[in-house]
Amino acid sequence: MNIKKYVAYRLLSSLFILFGLSLLIFTLSRLVPGDPARLALGAMAPQWAVDRLREQLHLNEPIYVQYFYWVTNVVKGDLGQSLVTRRGVFNDILEFFPATFELVMFSVLISSSLAIFLGVTAGKYANSLWDNLVRVTSYVGIAIPSFVWAILSVFIFGYLLRWFPTLGRLSSGVIAPTKVTGLLMVDSLIAGRLDIFVDAFYHMILPGSSLVLGRLSQEARITRASVVENLNKDYIMAARSFGIPERTITLKNLLKPSLIPTVAVMGMDIAGSMGGSFIIETIFNWPGLGRYGISAMLSNDINAIVGVVMLIGIFFAFMNIIVDLITAYLDPRIMMKMKSG
Amino acid sequence: MNTELMKERAKRNWYKFSKNPLSIVGLVVVVSIILIAIFADFVAPYPQHAFVFVDFKNAKSPPTLRNLAGTDLAGRDVLSRIFFGFRYSLLMAVSVLSVATPPGVILGLLAGYMRDTWVDTVIMRVADVFLSVPSMVLALAVCSMLEPTLYNAMLAITVMWWPWYTRLVYGLSSSIKNEYFIQAAEVTGASTLSILLGEILPNCLSPIFTKMTLDVGWVILIGSTLSFVGLGAQPPTPDLGTMVSDGSKYIPSQWWISLFPALFIVLIILGFNLLGDGLRDMLAGD
Amino acid sequence: MSDELVDIRDLHVHFSIYEGITKVLNGVNFRIARGEKVGLIGEAGCGKTTTVKSIMKLLQIPPAIIEGGEIFLEGDDVLKMSQQELQMMRRKTVSMIFQDPIAALNPVFKVGDQIGDIIKFSQLALGEKVTKEDIKERTINVLKEVQMPDPERIMNSYPIQLSGGMRQRICIAMALVSATNLLIADEPGTNLDVTIQDQVLRLLGDLVEDRGTSVILISHALGAVKGLVDRVYVMYAGSMVEAAKTEDLFSDPLHPYTKALFNAVPKLTGGGIPEGISGRIPNYLSPPQGCRFNPRCPHAMPQCLEDAPPFFDVGEGHEVACYLYGGN
Numbered sequence: 155m156n157i158k159k160y161v162a163y164r165l166l167s168s169l170f171i172l173f174g175l176s177l178l179i180f181t182l183s184r185l186v187p188g189d190p191a192r193l194a195l196g197a198m199a200p201q202w203a204v205d206r207l208r209e210q211l212h213l214n215e216p217i218y219v220q221y222f223y224w225v226t227n228v229v230k231g232d233l234g235q236s237l238v239t240r241r242g243v244f245n246d247i248l249e250f251f252p253a254t255f256e257l258v259m260f261s262v263l264i265s266s267s268l269a270i271f272l273g274v275t276a277g278k279y280a281n282s283l284w285d286n287l288v289r290v291t292s293y294v295g296i297a298i299p300s301f302v303w304a305i306l307s308v309f310i311f312g313y314l315l316r317w318f319p320t321l322g323r324l325s326s327g328v329i330a331p332t333k334v335t336g337l338l339m340v341d342s343l344i345a346g347r348l349d350i351f352v353d354a355f356y357h358m359i360l361p362g363s364s365l366v367l368g369r370l371s372q373e374a375r376i377t378r379a380s381v382v383e384n385l386n387k388d389y390i391m392a393a394r395s396f397g398i399p400e401r402t403i404t405l406k407n408l409l410k411p412s413l414i415p416t417v418a419v420m421g422m423d424i425a426g427s428m429g430g431s432f433i434i435e436t437i438f439n440w441p442g443l444g445r446y447g448i449s450a451m452l453s454n455d456i457n458a459i460v461g462v463v464m465l466i467g468i469f470f471a472f473m474n475i476i477v478d479l480i481t482a483y484l485d486p487r488i489m490m491k492m493k494s495g
Numbered sequence: 158m159n160t161e162l163m164k165e166r167a168k169r170n171w172y173k174f175s176k177n178p179l180s181i182v183g184l185v186v187v188v189s190i191i192l193i194a195i196f197a198d199f200v201a202p203y204p205q206h207a208f209v210f211v212d213f214k215n216a217k218s219p220p221t222l223r224n225l226a227g228t229d230l231a232g233r234d235v236l237s238r239i240f241f242g243f244r245y246s247l248l249m250a251v252s253v254l255s256v257a258t259p260p261g262v263i264l265g266l267l268a269g270y271m272r273d274t275w276v277d278t279v280i281m282r283v284a285d286v287f288l289s290v291p292s293m294v295l296a297l298a299v300c301s302m303l304e305p306t307l308y309n310a311m312l313a314i315t316v317m318w319w320p321w322y323t324r325l326v327y328g329l330s331s332s333i334k335n336e337y338f339i340q341a342a343e344v345t346g347a348s349t350l351s352i353l354l355g356e357i358l359p360n361c362l363s364p365i366f367t368k369m370t371l372d373v374g375w376v377i378l379i380g381s382t383l384s385f386v387g388l389g390a391q392p393p394t395p396d397l398g399t400m401v402s403d404g405s406k407y408i409p410s411q412w413w414i415s416l417f418p419a420l421f422i423v424l425i426i427l428g429f430n431l432l433g434d435g436l437r438d439m440l441a442g443d
Numbered sequence: 032m033s034d035e036l037v038d039i040r041d042l043h044v045h046f047s048i049y050e051g052i053t054k055v056l057n058g059v060n061f062r063i064a065r066g067e068k069v070g071l072i073g074e075a076g077c078g079k080t081t082t083v084k085s086i087m088k089l090l091q092i093p094p095a096i097i098e099g100g101e102i103f104l105e106g107d108d109v110l111k112m113s114q115q116e117l118q119m120m121r122r123k124t125v126s127m128i129f130q131d132p133i134a135a136l137n138p139v140f141k142v143g144d145q146i147g148d149i150i151k152f153s154q155l156a157l158g159e160k161v162t163k164e165d166i167k168e169r170t171i172n173v174l175k176e177v178q179m180p181d182p183e184r185i186m187n188s189y190p191i192q193l194s195g196g197m198r199q200r201i202c203i204a205m206a207l208v209s210a211t212n213l214l215i216a217d218e219p220g221t222n223l224d225v226t227i228q229d230q231v232l233r234l235l236g237d238l239v240e241d242r243g244t245s246v247i248l249i250s251h252a253l254g255a256v257k258g259l260v261d262r263v264y265v266m267y268a269g270s271m272v273e274a275a276k277t278e279d280l281f282s283d284p285l286h287p288y289t290k291a292l293f294n295a296v297p298k299l300t301g302g303g304i305p306e307g308i309s310g311r312i313p314n315y316l317s318p319p320q321g322c323r324f325n326p327r328c329p330h331a332m333p334q335c336l337e338d339a340p341p342f343f344d345v346g347e348g349h350e351v352a353c354y355l356y357g358g359n
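Chains as they are written, first to last, in the working numbering: chain L, 155 to 495; chain A, 158 to 443; chain F, 32 to 359.
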């Protein structure tokens, strides 16, 4: 089984799982008390209007029929209308997704690099002062829920020290650059506006760090454990015995095998951060998918909830496939297992 | 097993556990919290403040000797409420894990034992579906579709927690089932149930137990996040997450209303994590 | 002493473990001359690997502690070498073939890549730069030398794709490519099928014959050592107990341990299954005072319990560390 077949197999299996997910979330959404049509039109609307809307939305039909209509709509790109924004959920998602994507990717990439650096240095100099410092800090970091750190960091860095802004993506009065990707950092560079770039960057620091603190700590721990384990392996000693310089050993012979568990966790962390963004975006008033999702959840906006969950499911499945491919690249033993079926 | 052997075992386990002093710290913290939770009525300085109590004269006063953690917007002693809040955190962890683990484990045993049959495929695909979105999202979604109460929050977390155990046990079960002693049991006609529970399960207990202890911290973390968002315990219940959320409006001036509950959340999670790590070291390499 | 390639004098190495300090090497004396092939035999756990690792200063310090002694390699004391000098030594002078090939090869890099790195750095040490094509050529050459079929394919394979015998030969190739005057082979082929082990040892023998390299061959299989080396050291519990030319050692073992060792080997003809040596190897945490074999030695004398005996020369290069042969 080569790479292409493997990817095809994974895509198919993901499709299957997403199908299952859609069933799950659809069923759950139909369990909510209340009449969706009534909620959409409001308490003042006449009964006949409500009834007519119910017909249109197929709400009187059995649940599997409703599901069928729902799926066909989704394929057309119609996720229904949001109760809150009164626009198509699909459009809402398109509008809000880039902000979340930018926040998540920016934070995860920086935190993973930092985690790898901390893990490798702590592992290499195990039991040193640095190592103990890293270990204690990561222990504590894992135990801090993201919302706690969010509030703490807003308090310390936002109010007391006034180092970083605490709300939104840009300072008031700063106009966003023309939208190319929806990612402010990228768009501002494309437009050549370094000042906007810096402003956007500053706005990402507090929410970003709150989002990934726990994960950064976990990744550092895992990397460190992996490095410590591999340092004792014979092949490292063998490399040394042939006179390969320490630097090469650390950056090549040690690093590649040690990163394998880290990468596996990183994929989960990117996806998990999408979940964490729900809380963080609300606290920092970040106009992304998370904030949209929370407001949908708090106001029983079924279509929006379903849409957001499905999108995250798709993103997650995609992320898992990428992580598996990277892991297979790092560890040829996995590719051998794949090849043998 | 005679008592001599058990004493030796206990001594060896303690030695392995206490090798890392942090594990002892974890143990002390967890035991203290459990004791405080149980005896909150006696330990809290103002037990009557826990739920409904109003004293506006004293409202929003900073930490003093009388109120070590200050008072909240209704004049209730924050520290006492925190102590009672431990009950809800522990309750959440215990309920979720005790309800989610058995079905998760049984499904995992079954799927692993019947590997590469339709039973395996069905069970693991269902588990995959539940694991296909990040835990937080699923918990939030389920929670939002139910009425916001503590019990519904527990239900939501339970619903998305069981598949982790299924996956864990699936791996263990499918590798154990190839061992000779399993084949011996099959040949002598033991029923599937007795093989699963009698032969395979005992060999999985250590990892399961270790995971459960490490999971306590996670459940409390997610639970407190749900309450923070408003989807869990509702006021006046002294839930730690709810307290942080209530107090967040008063930052920075009345910082103590949020900060102390937040710090104790971290403390609980940290304690269980350290304890869990110690248990894992103790059970490993046996 | 100057045509000695390696001269280990009174080496003491301890290890610090949780339960205490294990006094593993207890005054090791070892010499090997240029071009000489020396065998090192002894039970598992007697300190053979620790000794040879010390020559290349590969022991992790801590937990290892070097308590005393000197190791002269081509006249320089290894224990006093700087990091730079050690690196040079490992690239130019000494290399080692490890005991367990699957563990000694990095699982996530291609074999050719790993060999290539060694070539690059050893050539650097000799003051020559090498190009990529050069490295590739040399890699293919050395793979041919160790009789690997289809070297190009092997180069692009990962260790997990190769058989045990092939992996062992890759390890040999790696050691050869690291320009050496001294090759240390730590129980080569010991984890493999006996026939493969035989092939591997033969290959090793041929290769060093061509090159005139000195060899230290460690083994706990006595027969394997016989055909390959000029001289043999017998080691027990952290020190050398006997050293002699191969024929002399096997025809006329002197140390009580050596004698018992040879007696313990089952013979196909006559004798049946022998008894083995009574007693056990000592606990390194609290080893016996004096000669470490004294608890199990049928000839133990009061002297043996006090001081460990030095090597006594009984002629023709045959040395024994036993009071039966000297030092009254």
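Treat the hints with caution; some may be incorrect.
Stated by the list, open to error - The calculated DSBU-like cross-link candidates involving lysine-lysine, where the alpha carbons are at most 30 Å apart (straight line), are:
no.	chain 1	residue 1	chain 2	residue 2
1	L	K387	L	K406
2	F	K257	F	K175
3	F	K54	L	K406
4	A	K173	A	K368
5	F	K123	F	K290
6	L	K278	A	K406
7	F	K257	L	K158
8	L	K387	A	K214
9	F	K276	L	K387
10	L	K333	L	K230
11	L	K278	A	K334
12	F	K123	F	K84
13	A	K334	A	K176
14	A	K368	L	K410
15	F	K151	F	K175
16	F	K141	L	K278
Claimed, not checked - DEER-style ranges, computed between Cβ atoms:
no.	chain 1	residue 1	chain 2	residue 2	range
17	A	K406	L	A280	19 to 27 Å
18	A	A216	L	L213	45 to 53 Å
19	L	L283	F	D144	33 to 41 Å
In case anyone wonders, no lab produced these hints; they're calculated from the structure. Don't be surprised by glycine CBs; every beta carbon is placed ideally from N, CA and C.
So, going through the hints one by one against the coordinates:
About 14 Å separates the Cα atoms of K387 of chain L and K406 of chain L, which keeps this hinted pair within 30 Å; it holds. For the proposed pair K257 of chain F and K175 of chain F, the alpha carbon gap of about 27 Å is at most 30 Å, so the pair holds. Taking the CA atoms of K54 of chain F and K406 of chain L, the gap is about 35 Å. The hint is violated against a cut of 30 Å. At most 30 Å may separate the alpha-carbon atoms for a hinted pair to count; K173 of chain A and K368 of chain A meet this at roughly 18 Å.
Note on K123 of chain F and K290 of chain F: the hinted pairing is violated, with a Cα-Cα distance of about 39 Å set against a maximum of 30 Å. Restraint check: the Cα-Cα separation between K278 of chain L and K406 of chain A comes to about 45 Å, which exceeds 30 Å; the hinted pair is violated. A C-alpha spacing of about 54 Å is found between K257 of chain F and K158 of chain L, which places the hinted pair above 30 Å, so the restraint is violated. A C-alpha spacing of about 67 Å is found between K387 of chain L and K214 of chain A, which places the hinted pair above 30 Å, so the restraint is violated.
Restraint check for K276 of chain F and K387 of chain L: not satisfied, since their Cα atoms lie roughly 36 Å apart, outside the 30 Å limit. Straight-line distance between C-alpha atoms of K333 of chain L and K230 of chain L comes to about 25 Å, which keeps the hinted pair within the 30 Å bound. Proposed proximity of K278 of chain L and K334 of chain A is contradicted: the alpha carbons are some 39 Å apart, above 30 Å. Annotation: proposed proximity of K123 of chain F to K84 of chain F holds, straight-line Cα distance about 16 Å (limit 30 Å).
Using a Cα cut-off of 30 Å, the hinted pair K334 of chain A and K176 of chain A is violated, with the two alpha carbons roughly 34 Å apart. Note on K368 of chain A and K410 of chain L: the hinted pairing holds, with a Cα-Cα distance of about 28 Å set against a maximum of 30 Å. A hinted pair counts as satisfied when its Cα atoms are at most 30 Å apart, and K151 of chain F with K175 of chain F qualifies at roughly 19 Å. A distance of roughly 24 Å separates the Cα atoms of K141 of chain F and K278 of chain L; the hinted pair therefore holds under the 30 Å criterion.
Between K406 of chain A and A280 of chain L the C-beta distance comes to about 45 Å, which lies outside the given range of 19 to 27 Å. The hinted window of 45 to 53 Å between A216 of chain A and L213 of chain L holds, with their beta carbons roughly 48 Å apart. Take L283 of chain L and D144 of chain F: their Cβ atoms lie about 36 Å apart, and the range 33 to 41 Å holds.
Violation of the numbered hints given earlier is confined to hints 3, 5, 6, 7, 8, 9, 11, 13 and 17; the remaining hints are satisfied by the structure.
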